[in-house]
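Engineer: One letter stands for each residue in the lines below.
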Amino acid sequence: MAENSELYDAVLNGDAKKAVAATRQALETGADPLELVQRHMVPAMDEVGRRFECEDYFVPELLLAARAMKGSLELIRPLLTQLGAEPAGRVVIGTVKGDLHDIGKNIVASMLEGGGFEVIDLGSDVAPDKFVAAVKERNANMVCLSALLTVTMPSMKTTIDALSAAGLRARVKVLVGGAPVTQKFAEQIGADGYGENAVAAVALARKLVVQPVP
Amino acid sequence: MTLESWLSDGPVLCDGAWGTELQRRGLGPGECPDHWNLSRPEAVLEVARCYVEAGSRVILTNTFRANSVSLAGYGLAEVAAAINRTGVAISREAAGGRATVVASMGPTGKLLAAEEISEDEVVRVFTEQAAALAEAGADALVLETFSDLAEARLALRAARSTRRPVIVSFVFDSGRNNDRTMTGATPEQAAREMTDSGADAVGANCGLGAAGYIPICRRLRASTNLPLWIKPNAGLPEVVDGQAVYRTAPEEFAAHLAALVDAGASFVGGCCGTNPDFIRAAAEALARPRPCA
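For the record, the sequence lines run as chains W and Y. The letter at position 153 of the first sequence is residue 977 when you use our numbering, and the numbering goes up by one with no holes. The letter at position 255 of the second sequence is residue 478 when you use our numbering, and the numbering goes up by one with no holes.
Just so you know, nobody snuck in bad clues.
Far from chain Y, by Cβ distances over 12 Å, these chain W residues were calculated:
{"#": "1", "residue": "830"}
{"#": "2", "residue": "852"}
{"#": "3", "residue": "867"}
{"#": "4", "residue": "871"}
{"#": "5", "residue": "907"}
{"#": "6", "residue": "908"}
{"#": "7", "residue": "912"}
{"#": "8", "residue": "960"}
{"#": "9", "residue": "962"}
{"#": "10", "residue": "988"}
{"#": "11", "residue": "992"}
{"#": "12", "residue": "993"}
{"#": "13", "residue": "994"}
{"#": "14", "residue": "1028"}
{"#": "15", "residue": "1032"}
Cross-link-like lysine-lysine pairs, in silico, DSBU-like; alpha carbons within 35 Å at most:
{"#": "16", "chain 1": "Y", "residue 1": "333", "chain 2": "W", "residue 2": "842"}
{"#": "17", "chain 1": "W", "residue 1": "841", "chain 2": "W", "residue 2": "894"}
{"#": "18", "chain 1": "W", "residue 1": "997", "chain 2": "W", "residue 2": "960"}
{"#": "19", "chain 1": "Y", "residue 1": "333", "chain 2": "W", "residue 2": "981"}
{"#": "20", "chain 1": "W", "residue 1": "960", "chain 2": "W", "residue 2": "981"}
{"#": "21", "chain 1": "W", "residue 1": "1031", "chain 2": "Y", "residue 2": "333"}
{"#": "22", "chain 1": "W", "residue 1": "960", "chain 2": "W", "residue 2": "894"}
{"#": "23", "chain 1": "Y", "residue 1": "333", "chain 2": "W", "residue 2": "954"}
Simulated from the structure, these hints should not be mistaken for lab results. All values derive from a computational prediction rather than experimental measurement. Note that beta-carbon positions come from the ideal geometry of N, C-alpha and C, so glycine has one too.
All chains should be built: construct the whole structure from the sequences, respecting the hints.
Structural biologist: Here it is, written out as structure tokens:
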């Protein structure tokens, strides 16, 4: 289903300028915004993910593709909103308290945006109460927690506990990730999932929040 | 002084982790470990001394984050030079002539490919840091825990301006087989590029444990004639009662270090999760005769 289009190529090659230009041109000539996303951009991001799995792409390529996608989405999103299309999910993301590392968190944030999620990025060294406040204020349905340091991994649990204490735990899915984090750790602290890398995180996020329509 | 001259008596045992040792002495989460060079120098000195006592013949410095870009994240860019100079002074005092001091330089944490930092900025901050470390008397410099060959090349150029030996060490923890850096570099690419760019030794540190670095070490060995530097971590931790706990025992780790020497490593030591007990065990393991060494 992947269209061999300029937009598809621009996203796949991580060329934000070309992606924005191709999007603008397509919209000016009357293209359907939803179709641009579904038939060009999402297939391009899927191909990016496939290349990542094949070790053809690595983190820099992911990041550039996600930025190209984001550039296009900035033009398309207002049109989608007019049409009444909702984002795939609303995600609050941040590196947990005590941890200043943000490369991994930034990549996951970009990839989620590229995957059609609305992302509220709280930055790094984020205290549990800030996560709680953001989930409340923005009516988020997912929280993504990042930690690079073994010493700050326990802050992930503190954050999940704070969400529970605020009565918000049932309405959000919590994903955790970062170099020292494992599936086992995710289970131990009561997270809903663990993403081994940014591609896996987005796939899991889609799976967890996309509820079948009754 | 060349690194080869340090190796005349065979492989050299380096130190283990500093961060976890400083935490045991009260370093809080989110606190900048490198700043303890100024605020708690006696604690840093104690860690360095413990490693020398345990048998480390190369010790590093508590300056991993002390480039002005990383320190800016803690609001400490202004005191970068003081942190670096004091870091070297502390390690030299602990070494007391029994160990050589290799000053630690970590990456900026910014991605060149994503234009989070410019090439000029990378060269500038590492030139500054390397100069401060060299002037304070570091015997050599190690660029450790690097992932991006582009950043490593620029940092190497900056570090070489001090005319001290420079070791470049990468983290291989990505890709299907955990044998790539985060940006996709293979051990072969890393070894060849750093050799061509004038490094005095290349290597691997941190990662996903010592066992996984044995095949990486062989691949580095096959790709360069330079001495190899390998400092793995103690594997991934588990969290018990809210604390990160490393399950690898010192003896098991020490056996892996001996295997790394057999695979061609000249400098061996530990990264995250290792402590002076690991180095003591390694000193014993390396002293034992091995059939195929």
